[in-house]
Amino acid sequence: MYVLKSPCKINIYLDITSKREDGYHLIESLFHTVDLYDIINIEKSDEYSISTSGKFALEDNNEENIVTEIFKYFRNEMNLKNNYNIHIEKNIPTGAGLGGGSSDAASIIKFFLEELNIDINDELIESFSKFGADIPFFIRGGCAWVSGIGEKIKNYSFTLPYNIILIYPNIHISTKLAYSRFKSYDFNQSDIFPIKNMLDNNSINFEKIVLSIYNIFEKNVFDLEKKIENIKTEIENIVNRKVSMSGSGSSLFILYEHNDEKLENDFQKLKSSINMDIYKLSLI
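Per the numbering used here, residue 1 is the first one in the sequence shown, and the count goes up by one each step.
The hints are simulated quantities; they were obtained by calculation from the structure and are not laboratory data.
Each hint should be verified, as a subset may be incorrect.
Listed below are the simulated DSSO-like cross-link pairs for lysine-lysine, each with C-alpha atoms no more than 27 angstroms apart in a straight line [said to hold, decoys possible]:
hint : residue 1 : residue 2
1    : K269      : K55
2    : K72       : K19
3    : K262      : K19
4    : K19       : K5
5    : K81       : K44
6    : K242      : K262
7    : K208      : K130
8    : K219      : K196
9    : K219      : K232
10   : K130      : K110
11   : K242      : K227
12   : K196      : K183
13   : K152      : K5
14   : K176      : K219
15   : K208      : K242
16   : K196      : K226
17   : K81       : K5
18   : K208      : K269
19   : K152      : K130
20   : K5        : K90
21   : K196      : K154
22   : K219      : K152
23   : K271      : K90
24   : K183      : K280
25   : K280      : K208
26   : K219      : K208
27   : K219      : K183
28   : K208      : K176
29   : K152      : K81
30   : K55       : K208
31   : K44       : K55
32   : K110      : K19
33   : K226      : K19
34   : K183      : K232
35   : K269      : K227
36   : K232      : K90
37   : K90       : K19
38   : K154      : K19
Everything numeric in this text was worked out from a predicted model, so none of it was measured.
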């Protein structure tokens, strides 16, 4: 049996620059993987099957599952011969803007490529965006600037030395619905250059990173679910720190430097004050 660990991600920065005629939105975003994992068990089998378990297990494990689409692609287009029994322990909250499904898909893609002895390259990575915009990022993970529809990735050779507190408010947000509410005047409302220049020059300043945190989805998602905005305000009042949403929501996060003594104190405060899923994690 093969055991894979699939991390989630946060968007430290996320803006939309435009919308293409085919309906896809073009983004500028700073992605970073985080050490909260789904666990994938894979073993060769006479027939293909997929199942999930855990707190965030999927209700529907039928052929519409993205992993099944990927398996069929490898069988039909890349000459994968074996069948597999795939089981995913879902520890990453779903509908939370954390990319758990995309991360699982990326881990399985990497597994199939290894089974076929196919080397990973940038062109191959980009080709898997047809299964999901975030999948190319998760194939390498780490810290990366992501643009286009998610297929243009600039990987950095470092990871940001930060911890986070992650809060999942037990609200599922439809990414498709969140995107559908954007108007053209919503785009390009932030300045991407200061944070991107810091990363490109490897001159990282924690306070400047925190000041630059931005997520264009917050307004739309807060309009859809006012409760998330109220939770964000409540958390900011408890910890006296900037709180941001990841992706299209609903998860919220707070950044800390590794040596910040407030981390444990804030974590305990939130656990005693808010009845939600709260995690103390690191960027990886």
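Consistency of the hints with the structure:
| no. | hint | result |
| --- | --- | --- |
| 1 | K269 - K55 | holds, 24 angstroms |
| 2 | K72 - K19 | violated, 31 angstroms |
| 3 | K262 - K19 | violated, 41 angstroms |
| 4 | K19 - K5 | violated, 34 angstroms |
| 5 | K81 - K44 | holds, 11 angstroms |
| 6 | K242 - K262 | holds, 13 angstroms |
| 7 | K208 - K130 | violated, 35 angstroms |
| 8 | K219 - K196 | holds, 23 angstroms |
| 9 | K219 - K232 | holds, 12 angstroms |
| 10 | K130 - K110 | holds, 15 angstroms |
| 11 | K242 - K227 | holds, 18 angstroms |
| 12 | K196 - K183 | holds, 25 angstroms |
| 13 | K152 - K5 | holds, 24 angstroms |
| 14 | K176 - K219 | holds, 15 angstroms |
| 15 | K208 - K242 | holds, 12 angstroms |
| 16 | K196 - K226 | violated, 31 angstroms |
| 17 | K81 - K5 | holds, 24 angstroms |
| 18 | K208 - K269 | holds, 26 angstroms |
| 19 | K152 - K130 | holds, 13 angstroms |
| 20 | K5 - K90 | holds, 11 angstroms |
| 21 | K196 - K154 | holds, 11 angstroms |
| 22 | K219 - K152 | holds, 26 angstroms |
| 23 | K271 - K90 | holds, 22 angstroms |
| 24 | K183 - K280 | violated, 35 angstroms |
| 25 | K280 - K208 | holds, 22 angstroms |
| 26 | K219 - K208 | holds, 23 angstroms |
| 27 | K219 - K183 | holds, 12 angstroms |
| 28 | K208 - K176 | violated, 31 angstroms |
| 29 | K152 - K81 | violated, 31 angstroms |
| 30 | K55 - K208 | violated, 36 angstroms |
| 31 | K44 - K55 | holds, 26 angstroms |
| 32 | K110 - K19 | violated, 30 angstroms |
| 33 | K226 - K19 | holds, 26 angstroms |
| 34 | K183 - K232 | holds, 24 angstroms |
| 35 | K269 - K227 | holds, 20 angstroms |
| 36 | K232 - K90 | holds, 25 angstroms |
| 37 | K90 - K19 | violated, 32 angstroms |
| 38 | K154 - K19 | holds, 21 angstroms |
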